[in-house]
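Visitor: So the sequences go chain by chain: A and B. Counting from 1, one number per residue, gives the positions in the first sequence under our numbering. Counting from 608, one number per residue, gives the positions in the second sequence under our numbering.
Please keep in mind that the hints were generated in silico from the structure rather than gathered at the bench. Computed from a predicted structure; not experimentally measured. Certain hints may be false.
As the list claims (entries may be wrong) - Just a few of them, taken from the derived set where beta-carbon distance is under 7 Å, the chain A residues facing chain B:
id, residue
1, L139
2, Q150
3, D154
4, F307
5, P309
By construction, the Cβ of each residue, glycine as well, lies at the ideal position given by its N, Cα and C atoms.
Protein chains: 2
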Amino acid sequence: MKETSFAIEFQPFGIRLICTEATTVLDAARQAGIPMVNVCGGKGTCGKCIIQILEGEASPLTHNEQVFHKGNLLAQNERLACETILTADAKILIPQKSLQTTQILQTESATQKEQVDALIHNVNIQLQKPSLESPISDLENVLSSYPNLQFESDSRLLDIFKLTPTWMRETDWQINAICENDLILGITKEPPERLLGLAVDIGSTKIALYLLDLENGDVVAVKGIPNPQIGYGEDIMARLGFAMQDNNNENKLHTVTIDAIHQAVQEICENTTIDPNQIVNQCYVGNTAMHHIFLGVPSRHLASSPFTPVLTKALNIPVEKLGLQGMPGSRVYIPGPIAGFVGSDHLAFLLSAGFAESDQVLLGIDIGTNTEIALQKGEHIVSCSTASGPAFEGAHIRFGMRAAPGAIEHAHIDRNGLMHCDVIGEGEAVGICGSGILDIISELKNAGILNYRGRLDIDHPLVQVGEDKVRSYTILSAADGQREISLSQKDIDQILLAKGAIRSGIAILMDYLAVSPDEIDEIIIAGAFGSFLNPYHAIQIGMLPEVDLSRIKAVGNAAGAGARMMLLSKEKRQKAEGLAKRIEHLELNTYPDFELFFANGIRFTPD
Amino acid sequence: MKETSFAIEFQPFGIRLICTEATTVLDAARQAGIPMVNVCGGKGTCGKCIIQILEGEASPLTHNEQVFHKGNLLAQNERLACETILTADAKILIPQKSLQTTQILQTESATQKEQVDALIHNVNIQLQKPSLESPISDLENVLSSYPNLQFESDSRLLDIFKLTPTWMRETDWQINAICENDLILGITKEPPERLLGLAVDIGSTKIALYLLDLENGDVVAVKGIPNPQIGYGEDIMARLGFAMQDNNNENKLHTVTIDAIHQAVQEICENTTIDPNQIVNQCYVGNTAMHHIFLGVPSRHLASSPFTPVLTKALNIPVEKLGLQGMPGSRVYIPGPIAGFVGSDHLAFLLSAGFAESDQVLLGIDIGTNTEIALQKGEHIVSCSTASGPAFEGAHIRFGMRAAPGAIEHAHIDRNGLMHCDVIGEGEAVGICGSGILDIISELKNAGILNYRGRLDIDHPLVQVGEDKVRSYTILSAADGQREISLSQKDIDQILLAKGAIRSGIAILMDYLAVSPDEIDEIIIAGAFGSFLNPYHAIQIGMLPEVDLSRIKAVGNAAGAGARMMLLSKEKRQKAEGLAKRIEHLELNTYPDFELFFANGIRFTPD
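Isolated chain A (complex conformation):
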């Protein structure tokens, strides 16, 4: 049974997204990495997520939209992204006013065109017509006009010269070489219609694929798929545990990953009627475990001390070798990880965030189950990894959940002491996601309901003590006819541990390079959680050092952006490899007074 799918094209970005089920324009824009304004949480009440439908059919006007039209708050050709549902091909215009212009920018996501240089290019080769006097071999004939051109290996040469000799004679001695720098990847009779490339960020939960035009950097299609390894373990440590159980398990993880990517590329190509052979270059980033699993080298040694990676070198591997789609003989560029728990996604993030490009003091943070942190000062770039755990993703929190419909994503306490919640989607709240928990804890602290040691005030009317003697704060009450949602002392402790892990990592790097908070020119936060995070609250609870809010920037899927940069530009690859060499990895557990840094980090206001 073939799934029906359709493509949504976003202008002025030229981004295409392939969908397999009905979606609101807002959700589709999010998936494509376009940072739309989203004040009411997609309830159709704020009227900010304005779009125009340039081509295609959409769901009829909703009541909310009719109200905005009547009030002239929406022009006749405008609709609200959160209210408009698409089920077929469409072209959507997102005006500038609908883009996030607050301090939380997601600019480095899919909206910026990357630098393009001629990494992959066609070379038209005019051949000699051989004669009895000059019976030049076919290989020498190809190389005679371009003596610098070469082949990656004799194997590749052999593959290419299975078909080329006949083509040379059929085209009247003129052929096209597809080259990566001076390397002949393949020979064709005619230059291909387009040279396409694929950049992929293999996240632990989601794999993001970007199909790009290598000649102008245009994004041709974007697709996100769940990481199929989830079937073998929710997080990386669980999957590495699975890998350690049986020698064949690593291979299972590798195979499901490759198969899922293969299938996703197949779907992208079918929906865009692109021949997979037009994909002539690829770049994959991910954390070290994803990197090892993708390559099919042992990942299980990453799980035990001293957490040594198998390899950290950037590799170029032919597509066939990895079982991926693409022009036979074309290569997959796989930047190397930095260390056992600092992957190539971190490298890609730092590349896209401009590390090693200026002499600014930069602090880069990619928050996840493992949080990678990097600090640049002068010639030094030092990075570390800290096990912040899955609390910010809602795990181990009673009412915790991922940032999905029904999640409280933001909250504040008004001057009357009432908690107001923004919920993702149109339904009622069913849980709290990371950014919501952060807001709530910060507001509870500001309101004095949490004391400086992070304990709930037992005397507050909304703080109850459960049967298990654990205090909890009621966020939404069943008395109001909805699901009761509360935050317990245990939940708060989890979050403080998580933020403590991050803050102690930051503090150790700052200590190592002797950086004070006021020296920091920019804090760059990557990852989905970083985009939802309210930086004011992050500082309030002591997760981030106290800097001016204008110096905090969220960059969304920065690893994907870095992968796209490395896909498109030889210079960026060289920069990334230089950056990788320059990054000094710091093992936190062996840093002097590590325990003191950690104890300090979990406090609301660390020293």
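Dock chain B against chain A, hints included.
Guide: Just chain B, lined up with the frame of chain A:
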């Protein structure tokens, strides 16, 4: 159904031959390339092919052998190689006295040990034990003690690091690398028992395989198999014609060749209980068509003017790529051909014959359907190919046949005008092979039965005129109660055309480099026919220039010898590649006055 097979080991050479059917020791020695004395043609009457059976059972003493024993011409532990039949494993001693010491030497065959240098070698790698303070990656760990070591490609590195990380930990941080120069081909926990190599000469009719010990150059086993391409055409032009008929035909030729070699190696390994993974290097030579078919690149363009080869570069291809047996990741070295009709077998011949090693004037001739000729003088080495046709292999000759049992291989006319014939094997004569025809023509000329223009004397009693008006000379008469065998004027014309093609090639090369016959220090003749050829008669009929007979040397399968040299020695490979660059290929058809050279060449005594 599994064929039973057995192994014959020849001492003092250490050569092993795998046989699948009963064989005389003489035939087996011939197959193994050992030049035994063979005066009576294997009839058991000359008593020269003396051997000793060191181990194993053989057929009982024959009447001939009993006669020699009685006359004390054979010691009690001695037997005659031509009379002794083996059907099971045996070890045979061939004493020095039984080896050819006449001017026709086959020394360059399998009897000489080649130069061995450490092309393939084991490297013991002592690794660091990584720690949290120094969590070195597994790859860096391997390379840290030997920074010059590298991998052929990132693909190979990836393959090797699928198993190596676990081995590193299992062996307490010590592993073995199998290297080709500075290239890591593979990594093992322990050094393998032996490092073996395979040298293969892909002839148009026979494929010769030599399994060698790479550390000391010992020949471990020898096997000859028929070239399965014969099913698609008797000679190269017929096979190229087949290749041109359909695009898939080239692939058929390639596949049967690879399969046959695969199967032959399988059999060698089964019979010697050797693990094919111990084969860590291979070298293949052949004429240009065999080279192209073996590699699977188009061969059909070799059949039409200007006969350009696809490639002439020496290649190193991993075994898996070619579908051959051997250690995964180990490489097959394939020297490049010189031109469309001058293959890498010619290069191997010149290497083994010492071309480019001295400043002697050398003439090298490899006689076959195509005869390749090379002439060295000073800095110059020039080679050509000439279509001498299959007459010397008995084709297009009424009673012609290959050098097989029943063939007249030598003949002379005694002072009474009677023709005496030596027949291969024990039966009566059924035909004439190339060397026999050559002798007969030479003797007929010396006896005046052929005139200077090569016409049979119609007045001679043994010359008859057939119904087709064609004269023929009766060699063996039905009147003597045997098969009548004769040589017709047409047969003689064919032979004169063939020898004319060879002589005109020689003459053009000598003209080009201004060499006179007395300047030639050595004429080296390769190939099976060359070993049977009587050089006196070859000069008599004008096939070879008039030089002192002591300067003519036959070297047997010199291409196989060259392949073995290139298998064993890095220096020989470099020499071969230098030689290939130095060889100037001369296209005979475009040489000035080519027709005059040819017309002159077919005469009995060319100018």
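Visitor: Would you mind marking each hint as holding or not holding in the structure?
Guide: Consistency of the hints with the structure:
no. : hint : in the structure
1   : L139 : 4 Å, holds
2   : Q150 : 11 Å, violated
3   : D154 : 4 Å, holds
4   : F307 : 6 Å, holds
5   : P309 : 5 Å, holds
This entry does not satisfy hint 2, going by the numbered hints stated previously; all others are met.
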